[in-house]
Structures are given as C-alpha cells and as structure tokens.
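Let the hints inform the model, and build the full structure from the sequences given.
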Amino acid sequence: MISYINYFVSYTNTPGSCRTPNLRKVFQIQTLQKLEIRSFPFTTPNIAPVMLRLLLRNSRLAPRRLPATTRITVASYNTAQLDTSLGPKYDSITDYGSYRNSVFTHRLPESTALQSPQLAALHSRLRLPQEYTFSTLSQALNMDKFGGLANNFGLSTLGKTFLSYYISEHLLLKYPRLPMPVHNAAVDAYMGVEVLAEIGRSWGIEVDRSSKLDKALAKEPEFLQYGRLRYLSERSKELKAEETGVHELSAEELQTMNNSTHQFVHRETEAFASSVRAIIGGIYTHCGEEATKTFIHSHILSRKVPLQEMFQFSRPTMELARVCEKLGLEDPLEIRLIAETGRLSSHAIFMAGAFVGKEKLGEGVGSSLGEAKTRAVVNALISYYMYSPISAEGTEIKLPSEEKYQFEGIVGTGDVAI
Amino acid sequence: MALRIFTRSVFMQTRMPIRKDPSKVLQLATGEKYGATESNLSSIKLFLADKYAIPDDLALQVITHKSFTNGLKPYNEKLSAMGSKVLNLFLAKFVVEGATTNDLAVNGKNLDVLGTPIAKELGGRMALGLFAQSTKLNNTMFWKSYNSLLSFQESGELKVSAQMMYALVGAVTFIHGKKAAEAFVREKLLEGPVTLEGIASEFLEQNQA
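Residue numbers (the working numbering), protein chains in the order written: chain A, 1 to 418; chain B, 1001 to 1209.
Treat the hints with caution; some may be incorrect.
[Said to hold, decoys possible] Once the Cα atoms are required to be at most 20 Å apart in a straight line, the calculated PhoX-like pairs of lysine-lysine come out as:
1. B:K1093 with A:K293
2. B:K1179 with B:K1066
3. B:K1033 with B:K1045
4. B:K1024 with A:K326
5. B:K1179 with A:K404
6. B:K1093 with A:K326
7. B:K1066 with B:K1144
Rather than coming from a laboratory, the hints here were simulated on the basis of the structure.
Written out as structure tokens, the structure is:
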C-alpha cells in the first residue's frame, strides 16, 4: 500500500500538475485500502467485523493530506538557440563582425536592382533618402531563405527593434497611466502583424506569384521579380488553383495558430509585415537613426489609434476605489446623485457623479441609478488613465529621444490589483 | 416638469477589505522597511553616481516590484517597459556597428549577427538578472516570492532582478534622455569588471558544452 501512496505523491507533484489531487487516483487508493483490510488475516472470526467497523470509522481511511514534497513549477529558462538552417559561422561568440549565414551567397548587385521599375516606384513613393540603395530595398522584400540571395531577416529584426522603442516611448510619455494590457494592445495596434501588413499593402508592394515557367513563357525580364515581395516557394506558385474557403496551413502558420480563437497569421500577412519592418531597418543602415525616427513618426505613429475604445472594465467601481486608495486620497469614494427627472415615468434619467470629498472625478447619465453610477465611475477611470501631460508652456512634452530633452511628465506607477 | 436638482448619496461606501497591519506589510522578511531611506537606496545611488542620478522616489519605484503589497505602492512595470526597449535598441545597434568581414553586410553593418543567441541573450533576462546579482544591486528589492526557499531562478528572484535592471535603465531614460541612457548602458553594463557580454557569453558557452 505504501508504494501506491508514494505513487500518488509523485503523481500530484509532477511539474505542471494541478494542486487538487486527482480524484480517480484517490478512489483507487481507497479501494486498495479497503481490499487489503478485507483480506486481513484475522484469526478470530468474531473480532473481524468489529475491527473492520472500527477501521472503517477511522479517519485514516479517508484520503489523508499527504506531506508536501518539493514542487518545481517554475519553467526553466529558455535559452536562445542558434538557427542551424541558416548555416551560421563565426570565429568566437562575442566577435560580432565574424557572424555569417552561409546559406546566403550574395546580395543583389545595385546595377540589377536599379533596373527594376517597381523598386524605383516604391523608393519614390515612400520618399526614401537618396542614400537608401535599391539593392537594400530589394533585400527588404525578400523573405526567401534558400534562394542564395541575402534575405530580409536581419533588416526586419532591426526594424522591429526601432519600431518597438519609438512606439513605446511615445505611449509611455504621452499616456503614462495607461494600464499595461491597454498599453500592449496599443503597441499592437501600431506595429502588430496585421497592421503592418495593411501598411505594406497601402504602400503598393506587389507579391511575386508567377513561377519560373510562367516567367519564361511570358518572357519576363529577370530584374522584375526583384521589386516584388518574394515569400512563395516555386511549388506554391505552381499550385495556383486553391479551393475557395479552403486553406492548407503551412508549418509557419500552424505555429501562429491561437487555439482559443482558431486564428492564425497568414503567411502573406507575415511577409508584408516583415517587409515593412525591413524597409524601416534599411533606413537605419543607410541614413541613420534620426531618419528612421522621422519615418516611423510620419508613417506609423501618425495613424489614429482609438485608445479609449480599448478599455473594458469588469469591476469599475472597485477599480476606482483601488485607484483612489493607491493615490492616497483621504476622503472615501462616493457616488452621488446630481440630478434626476421622471423617476416614476418610463423614461427616467439620472445623472450621477463619482466624488472624493469635494472633488468630482467623473459623471455619467443613465436611465437607471445603476447605469448612471457605472457610467460615472467609468468616466472617472478613463479620465484618469487617459491623462496626457503637457509642458510648462502648454505644448506637448518632449520625448527622451529629442534634443534638449527635459523630463516634465510623470512616470506610470503601475496598475491596481482588483 | 421642472428638473429636480439635489445632491445625495445614492449608495456605496468604499468596501474596505480586511486589512493587515501596514507596518508588517511594508516590511521585508529580512527586516528592511519600505521607504526612500538611505539604506534602501544606497546600492542604486552608488551605481548611478552623480552623472546618472535619479530622484529618490523614482529610485524606490525602481526597486519595487508589482508583487509587493499587491501593487499598492508605485512599482517598476512602466519603467522596465521603457528600459527593456532602450536596452534592446542600443544592443542591436552595438552588435551590428563593429568592423566586419562579412561580405553580405549592408552598408558596413553586419546584420547576420541579429537573431543569434548572443544578440538575444545580451539583453536577456538571464544576463540582466545575473548582472544584478554580481553587482549586488538586487540586495534590497521590495517584492514577494511565492517561495523564498527556492533557488535564485526558481524563486523568481532572477526575473525580478532583471526587471529591476530594466527599470534602472528606464529611469535613467526618463530623467536624462535616450542618449544619456545609451551612454549609461555602455559605461556601466558593457564596460568594467562585470559586463553583460561576459555573463551572456559564459552562460551560452556553458549551455553549449
């Protein structure tokens, strides 16, 4: 029996198992205990039922609270791994200049890239600086890993880092009190895959969909493909006919599948987003950080993101009470009725306000007392979270990346726990 | 019908939860009391020196984690959000800007290093956490472990220490600006006896072995 109990202990203490003991296992142990008791070799038949009754009454037969053993529930640190499919080579780990992905053999010569009308059009449309070469722009549109030409992975990674910083800087300084879930949703609204893909499409980037055979039959010049977004394999290009409404997921798409929403990132969406990030990375490599920042501000941060619509409160009154407590306000939070009309009619209107002492934090109108109260509280919460500081001169505050920066805003003190 | 205007309390007083003694809640198991005291902030102040000095209340926020008093005191989440972005941006520029022998480099910048383990781990949680431990910057941190008897990594101290380091970079960015923060990272985290580079490369070599 001891061995079964040990098994039970080890079962409940494996990493990832829940705290609640598995009832099926408990039942098995109880059954085993009872079986052993029944098969106990009693010498006197008269005593056996009495002992059995006593034993059954004994609380020891119930599943006892077992002594806790060491639980290791913390996931071990996931160390970054080298992508061996790129054939990386380097002299030493910290010799950054020696890293080379041997799967790529060359970059597109500038003379070939200059012949592409799509590249010239895109370069002009985005008003990229003269220093930005066409070969880099062509590389930014190449997601193909095995074609020999250097692809856009490095450029895209660099662009993502720049986007990530400048968008976070904007949000953290302009809206310092945004709760983290809203902050993250706002970052996603500026630089999420779907959003960047839409931006890429609006820039007029075309996808290279024709196979080598089609190109040969159409006598298409080779340089035309270098101005298009290349992410499809030759096989997918050849298999053009796709059933409407049926889409076979690739391995990359399967990795992005959200099991709860059953949504995934389409390869084409990812390719467009990647090209946008890579174009931004390319600006840094040729024109420096200031030009990159200007580009991000004019193409990404200029987009309107409705932050107010991202809020969703599950328990607004408690949240407001906790915010007041965190701010150290002396007076308690009170919801007061400011005005009402037609209480006994079918169209009553109430106006409630959320007050702390004599200070009104927010007000709301509703057709019932409860609705008015909730609207007042939500109004107060949004007013607090959407606060945006201004400078002493009444202008927008400066960002840390600007010249002659001086800190004038506030630092978010963190969300409240509800 | 004339609008009846009056003010009265509909209902609701703040429901007060069961309170613990504040003096016990605002104290670590090791005895340190929450507050911007010299003993609590000395290690941070010494590390920042006058060049990168930050206000005391911000320094206290840097060493306060979300888990402390259930987030009722100002904590370092927003600071670390800023710090991690600055750090990752600076380190990405740092690794691509050196001299290179790679003929695939774009305008002299070797982008093949991006995405490699060293490029990722330089600003990773492990390197930052171990850096804080080596420099003893994490000696005083206001946080709550779910089990303080476990190891540095398993108790969550590694994660909290790394977040504190990100917050430190973030606080310097907020007060002194991005350029100063990048100079701070170069001077304090990449030069000197203990560096992120040294920690990350040692950690990766051990991992590969």
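Here's how the hints hold up against the structure:
1. B:K1093 with A:K293: holds, 14 Å
2. B:K1179 with B:K1066: The given pair, whose Cα atoms are some 28 Å apart, is violated under the 20 Å limit.
3. B:K1033 with B:K1045: With a Cα-Cα distance of about 18 Å, the restraint between B:K1033 and B:K1045 holds, given a limit of 20 Å.
4. B:K1024 with A:K326: At roughly 18 Å apart (the allowed maximum being 20 Å), A:K326 and B:K1024 satisfy the hint.
5. B:K1179 with A:K404: holds, 11 Å
6. B:K1093 with A:K326: violated, 39 Å
7. B:K1066 with B:K1144: Roughly 9 Å between the alpha carbons, so the hint for B:K1066 and B:K1144 holds.
Hint violations for this structure: numbers 2, 6, all remaining hints satisfied.
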